[in-house]
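These protein sequences, in sequence, are chains A and B. Each step along the first sequence adds one to the number in the numbering used here, with nothing skipped, and position 482 is 494. Each step along the second sequence adds one to the number in the numbering used here, with nothing skipped, and position 50 is 359.
In case anyone wonders, no lab produced these hints; they're calculated from the structure. All values reported here derive from a predicted model rather than from experimental measurement. The reader is advised that the hints may include incorrect statements.
[Claimed, not checked] Here are the simulated lysine to aspartate or glutamate pairs, DMTMM-like style, with alpha carbons at most 25 Å apart: (1) Lys-465/B to Glu-111/A; (2) Lys-341/A to Asp-456/B; (3) Lys-465/B to Glu-139/A; (4) Lys-453/B to Glu-215/A; (5) Lys-453/B to Asp-439/A; (6) Lys-512/B to Glu-111/A; (7) Lys-512/B to Glu-306/A; (8) Lys-512/B to Asp-321/A; (9) Lys-335/A to Asp-456/B; (10) Lys-152/A to Glu-111/A; (11) Lys-512/B to Glu-425/A; (12) Lys-465/B to Asp-452/A.
[Claimed, not checked] Here are the simulated distance ranges between beta carbons: (13) Phe-570/B to Glu-425/A: 44 to 54 Å; (14) Asn-554/B to Gly-279/A: 43 to 53 Å; (15) Asp-70/A to Leu-486/B: 58 to 68 Å; (16) Gly-413/B to Asp-452/A: 25 to 35 Å.
C-beta: ideal position from N, C-alpha, C; glycine also.
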Amino acid sequence: MDSYKLQVLHISKSFPGVLALDDISLNAQKGSVLVLCGENGAGKSTLMKIINGVYQPDKGEILIDGKKVHVRSPVHARKFGISMIFQELNDVPEMTVEESLFCGRLPTKAGRVDWKTVRRRTVELLERENLPYSPTMRMKDLSVSDIQMLEILKAISIDASIIIMDEPTSAIAQREVDRLFSKIAELKARGTCIIYISHKMDEIFRIADDIAILRDGKVVESRPRNELDIDKVISLMVGRKLESNFPKRKVELGEEALRVEKLTAPGVFKEISFSVRAGEIVGFAGLMGAGRTEVMRAIFGLDRFVSGDISVRGKHVRISSVKDSKAAKIAMLSEDRRRYGLISVRSVRENVSLSNLRQFIYRGRLHGSKEMKFVSDICARLNVKTPSLSTAVEALSGGNQQKVVLGKWMLSEPDVLIMDEPTRGIDVGAKYEIYKLMGDLAAEKRALIMVSSELPELIGMCDRIYVMCKGEISGELARDEFTQEAIMRLAMGFEKLTREAS
Amino acid sequence: MSGIGKARITWSSISRSYGIYIALFAMIILSSVINPNFFSAENISNVTRQISVTTILAFGETILIICGLLDLSCGSVLALAGLLSVISYKATGSMAVAFAVAIGVALFCNYLNAMMVALLNAPAFIATLAMQTMARGCALLLTKGQDVYQIGNYTKVGQGSIGFIPIPLLFLVGLFLATWYILNNTRFGRALYAVGGNQEAAKASGINVRGTKVTAFMVNGLFVGIAGVLFMSRVNAGLPNGAINYEFQGLTSSIIGGTSFTGGVGTAGGTVVGSFIVGFLNNILNLANVNSYLQQIVRGAIIALAVIYDIWTKNRRTRSLVRGMAAK
Chain A
13 MDSYKLQVLH
23 ISKSFPGVLA
33 LDDISLNAQK
43 GSVLVLCGEN
53 GAGKSTLMKI
63 INGVYQPDKG
73 EILIDGKKVH
83 VRSPVHARKF
93 GISMIFQELN
103 DVPEMTVEES
113 LFCGRLPTKA
123 GRVDWKTVRR
133 RTVELLEREN
143 LPYSPTMRMK
153 DLSVSDIQML
163 EILKAISIDA
173 SIIIMDEPTS
183 AIAQREVDRL
193 FSKIAELKAR
203 GTCIIYISHK
213 MDEIFRIADD
223 IAILRDGKVV
233 ESRPRNELDI
243 DKVISLMVGR
253 KLESNFPKRK
263 VELGEEALRV
273 EKLTAPGVFK
283 EISFSVRAGE
293 IVGFAGLMGA
303 GRTEVMRAIF
313 GLDRFVSGDI
323 SVRGKHVRIS
333 SVKDSKAAKI
343 AMLSEDRRRY
353 GLISVRSVRE
363 NVSLSNLRQF
373 IYRGRLHGSK
383 EMKFVSDICA
393 RLNVKTPSLS
403 TAVEALSGGN
413 QQKVVLGKWM
423 LSEPDVLIMD
433 EPTRGIDVGA
443 KYEIYKLMGD
453 LAAEKRALIM
463 VSSELPELIG
473 MCDRIYVMCK
483 GEISGELARD
493 EFTQEAIMRL
503 AMGFEKLTRE
513 AS
Chain B
310 MSGIGKARIT
320 WSSISRSYGI
330 YIALFAMIIL
340 SSVINPNFFS
350 AENISNVTRQ
360 ISVTTILAFG
370 ETILIICGLL
380 DLSCGSVLAL
390 AGLLSVISYK
400 ATGSMAVAFA
410 VAIGVALFCN
420 YLNAMMVALL
430 NAPAFIATLA
440 MQTMARGCAL
450 LLTKGQDVYQ
460 IGNYTKVGQG
470 SIGFIPIPLL
480 FLVGLFLATW
490 YILNNTRFGR
500 ALYAVGGNQE
510 AAKASGINVR
520 GTKVTAFMVN
530 GLFVGIAGVL
540 FMSRVNAGLP
550 NGAINYEFQG
560 LTSSIIGGTS
570 FTGGVGTAGG
580 TVVGSFIVGF
590 LNNILNLANV
600 NSYLQQIVRG
610 AIIALAVIYD
620 IWTKNRRTRS
630 LVRGMAAK
């Protein structure tokens, strides 16, 4: 077994409240590409960060060339020939190509930076790898793909024998993907071991030698590519059992509450059309970066869109700010409640009443007792657990903070309520309460949109699901068509791919 | 714990909410012991006159800091507004005109501040720093650097009394009530806290962020204009070089009074108390004949302590929150 370049043995890692990795073992060979795939939150990134020394494992060990190593930090990882290319490239816009290549390890002579050597080695590297950049170009003038190439160059320049790439194609165009893949083939021929994280089926099968599938922090399968096919990989990725305890209520659907037609913001989303009826819960599924949040933010007036129409209850509305969407009785619960939902240092009372103060104002004066009554009614209905209404919301648990944001929007009596990842980062009990509340709100003939990355909750709560992929709606599923596999295929653009091919 | 409970009263919660009031009270007692003259009606009324101008500036700063802004120009704008007010009083003999001119000039300067900040997205620090230099330049240019004397009855506002109450104290109380009302009883007040606490969330809640910032500067302008008249009438002249560094005295009072520089936190009551702490401190140091250079060191040290205390309580709160969550 000592022919493996990199071996990961029985690694476990937990964060407060979550077991991120559970007894993971993987092997990667010299001169080959190991693809890691799995849903959001399956543990791919955590595992890579452990190999790269960002995190330390709780249990288990890492072997390089059959020898046990202890990687203390990303800088330390370079010593073992490990290099990682992150999904979000961290470049300093004002840096030049040569500065960036030697960043953190500039050669010095008598305490001063030896720029001559830097220049000479940069030119050598660029020529050897056949890259058309000048050493003095600034990073801000390069494209994402160029910067990626430089990152690879950086890895080569430190003689990396193991290169980890975290979803490298998520931000680059097709032509550039080809360039990346031919570079990967070159590296492979030189004997570099590449670990490639992705959930795009077409590319996985194009470049993988071996495929490992992660789910809920475990390796569920690890095999050579030719022993697997796309359907098998998808079902392994999602193969979670559906929990059946969703408090879904049967609601008679009313008229159309919201209609969106051909909403477009170039480069973000394209020709998005959908509708929601009163009393209906409509889900939006998709991978991270598919554009779901962006569409919702545009409908809510937080971001701009270039063309398209929005109608509420059959009436066309113009939305360019939150003021407009509030007037149209649209409300939105943001995916990032700390950033967009809460004024953390202020009280529960102020947070709940913030967007509805107008109803407590008499002749310019804020009517405190009326405000208190409404806020405490809402908090009681939502079962917000707080020492008092004047407690700062930063002191509450995640679930209760989410209820405060929800309370804020319930106070405005919306006809259309958009909920972006409403149960992210909250405990099971609070999740269930939010599901129950969603059922109640639907029963009150409100239209609900639920954006979620957790397929079980979408399947459990929704009447219909739209699936988005790369900024477009790739499919719509009715309740009897809901399966995790069907959603996943649409989300990965696989369904569309075959349709176009045939 | 289920549902909404009563807030527990603990020592830490008391010291957090009322620490500043306790500090003022302790200071009054201590000062009275050190110097029996301290607690005389004459001395207290004297201190009140001394701090009235900077306290009014501190109210403006408090409103701005709560909203995540600040004003470094108020000292200079005060001088420009006050100077023009004195000149127009000498021309017309009308106190109403004098007030209108002072307030108008200060509003105009703060409108420019607001435009730079809210429309052009300049940081308030830079924008108001620029205004500080420009307003001072205008004041000096206007009189070629000369002071304006013989201002007649203009001085009555700053030096006179109604009964035994000094007129500046009446302004101080009036503007305190105005600030308190704005912060506690208006939609604009809530918007100030929201924008300063989390601008993104405020925007996503439908708050007009830009409008809130502009209004905050305009209220500040009103206060600075009034302070301009009080200042010039107290010093009995139009001084283009007057009120230098007053913006920092205003900021000091506001911060000692518990206004958090990170935004979203602060009260009118805290600011008044902060201002009295600074005023009494200067007064007792003078009464005790402390070297004036040493006084500066003491004042600086007190600001540092106030800020350290603010950060310390915040950290302790965060730590206990983390511990509380870990325990669950």
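Notebook entry, point to check: Is it true that the C-beta distance of Asn-554/B to Gly-279/A lies inside 43 to 53 Å, as the hint says?
Noted result: holds (50 Å)
Notebook entry, point to check: Measuring from beta carbon to beta carbon, are Phe-570/B and Glu-425/A in 44 to 54 Å?
Noted result: violated (38 Å)
Note to self: Would the hint linking Lys-341/A and Asp-456/B be met if the CA-CA limit is 25 Å?
What the structure shows: Roughly 60 Å separates the two Cα atoms, so the pair is violated.
Check: Taken at face value, is the distance from the CA of Asp-439/A to the CA of Lys-453/B at most 25 Å?
Finding: violated (70 Å)
Item checked: Restraint status (C-alpha distance of Lys-512/B to Glu-111/A at most 25 Å) -> violated (39 Å)
Margin query: Between the alpha carbons of Lys-465/B and Asp-452/A, is the straight-line distance 25 Å or under?
Written below: violated (67 Å)
Check: Is the straight-line distance between the alpha-carbon of Lys-512/B and that of Glu-425/A 25 Å or less?
Finding: The given pair, whose Cα atoms are some 19 Å apart, holds under the 25 Å limit.
Check: Asp-70/A and Leu-486/B, beta-carbon distance inside 58 to 68 Å?
Finding: About 59 Å separates the Cβ atoms of Asp-70/A and Leu-486/B, which means 58 to 68 Å holds.
Item checked: Hinted pair Lys-152/A and Glu-111/A, Cα distance within 25 Å -> holds (13 Å)
Next item on the list: Would you mind confirming whether the straight-line C-alpha gap from Lys-512/B to Asp-321/A stays at or under 25 Å?
Entry: holds (23 Å)
Margin query: Does Glu-215/A sit within 25 Å of Lys-453/B, going by the straight-line distance between their CA atoms?
Written below: Status violated; Cα separation ~76 Å.
Next item on the list: Return holds or violated for the Cβ distance of Gly-413/B and Asp-452/A against the range 25 to 35 Å.
Entry: Since Gly-413/B and Asp-452/A have Cβ atoms about 55 Å apart, the given range 25 to 35 Å is violated.
Checked against the numbered hints above, the structure violates hints 1, 2, 3, 4, 5, 6, 9, 12, 13, 16; every other hint is satisfied.
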